[in-house]
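Make a model of the complete structure from these sequences and hints.
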Amino acid sequence: MMRIHRYYAVDIVNGPGTRCTLFVAGCEHQCRGCYNQSTWRLDSGVPFTLEMEEQLIADLKDQRIPRQGLSLSGGDPLHPHNVPHIRRLVKRVRRECPDKDIWLWTGYEMAELSAAQREVVDEIDVLIDGRFVEAEKDARLLWRGSRNQKIWYLRQPQGDRTEDHTAQRHANQRDPQRARREGTVQHQ
Numbered sequence: 015m016m017r018i019h020r021y022y023a024v025d026i027v028n029g030p031g032t033r034c035t036l037f038v039a040g041c042e043h044q045c046r047g048c049y050n051q052s053t054w055r056l057d058s059g060v061p062f063t064l065e066m067e068e069q070l071i072a073d074l075k076d077q078r079i080p081r082q083g084l085s086l087s088g089g090d091p092l093h094p095h096n097v098p099h100i101r102r103l104v105k106r107v108r109r110e111c112p113d114k115d116i117w118l119w120t121g122y123e124m125a126e127l128s129a130a131q132r133e134v135v136d137e138i139d140v141l142i143d144g145r146f147v148e149a150e151k152d153a154r155l156l157w158r159g160s161r162n163q164k165i166w167y168l169r170q171p172q173g174d175r176t177e178d179h180t181a182q183r184h185a186n187q188r189d190p191q192r193a194r195r196e197g198t199v200q201h202q
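The end of the sequence shown is residue 202 by our numbering, with every number in the run present.
Since the hints were derived computationally from the structure, they do not count as laboratory data.
Careful: at least some of the hints might be erroneous.
As the list claims (entries may be wrong) - Calculated lysine-lysine pairs in the DSS-like style (CA-CA distance at most 25 Å, straight line):
no.	residue 1	residue 2
1	Lys151	Lys164
2	Lys164	Lys105
3	Lys105	Lys75
As the list claims (entries may be wrong) - Each pair of labels, with its calculated beta carbon distance range:
no.	residue 1	residue 2	range
4	Thr63	Arg109	17 to 27 Å
5	Thr63	Glu150	17 to 27 Å
6	Ala149	Glu65	37 to 47 Å
7	Val24	Arg102	18 to 28 Å
8	Arg108	Tyr22	14 to 24 Å
9	Glu133	Met15	13 to 23 Å
10	Ala23	Tyr49	16 to 26 Å
11	Gln170	Lys105	14 to 24 Å
12	Asp113	Ile26	10 to 20 Å
13	Glu150	Val27	17 to 27 Å
All residues carry an ideal CB built from backbone N, CA and C; glycine is no exception.
Quick look at the structure:
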């Protein structure tokens, strides 16, 4: 069973708009300077139960506080132990909440993902990849902690969202060198 450290039903920090955010347990990378060191151990936190999953889905569907999507962080959602659970969760979100976007942060880089990890990535909208590198830390970066990390926009946004990240993605599509400098990548 996957374990989690924290679930935020309403979050405005970890991705664009108002979101549900899940911090999972387990990380192989153990990056120096990581602000979430308590999430590294797979046996830390609490079990992610079916009741918690049901609540997350209900929160995403809640119209009193509309959420733009789901953010998955940790620890590392793509830790091999977490992959089957995260894959099931993102498939369920896609099926039951098709208007919601899914963002995922991982220490793995796109090029090193296993086939099972790629199955998860195939279901999400945005991937922020790469280990946190303390020497490249930059507090001015949006959605990332260090300059080596990349933002992969994997799907077209739903509807007519005009969030800053969408405008940035379109600007970077027109200027690929800018995208490389800023660490944002359009992947299709």
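Checked hints:
1. Lys151 - Lys164: 13 Å, holds
2. Lys164 - Lys105: Satisfied, since the Cα-Cα distance of roughly 24 Å is no more than 25 Å.
3. Lys105 - Lys75: 15 Å, holds
4. Thr63 - Arg109: 17 to 27 Å: This hint holds: roughly 20 Å between Cβ atoms.
5. Thr63 - Glu150: 17 to 27 Å: 37 Å, violated
6. Ala149 - Glu65: 37 to 47 Å: About 42 Å separates the Cβ atoms of Ala149 and Glu65, which means 37 to 47 Å holds.
7. Val24 - Arg102: 18 to 28 Å: About 24 Å separates the Cβ atoms of Val24 and Arg102, which means 18 to 28 Å holds.
8. Arg108 - Tyr22: 14 to 24 Å: This hint holds: roughly 21 Å between Cβ atoms.
9. Glu133 - Met15: 13 to 23 Å: 19 Å, holds
10. Ala23 - Tyr49: 16 to 26 Å: 21 Å, holds
11. Gln170 - Lys105: 14 to 24 Å: 19 Å, holds
12. Asp113 - Ile26: 10 to 20 Å: 19 Å, holds
13. Glu150 - Val27: 17 to 27 Å: 21 Å, holds
Hint 5 from the earlier list is the only one contradicted by this structure; the remaining hints agree with it.
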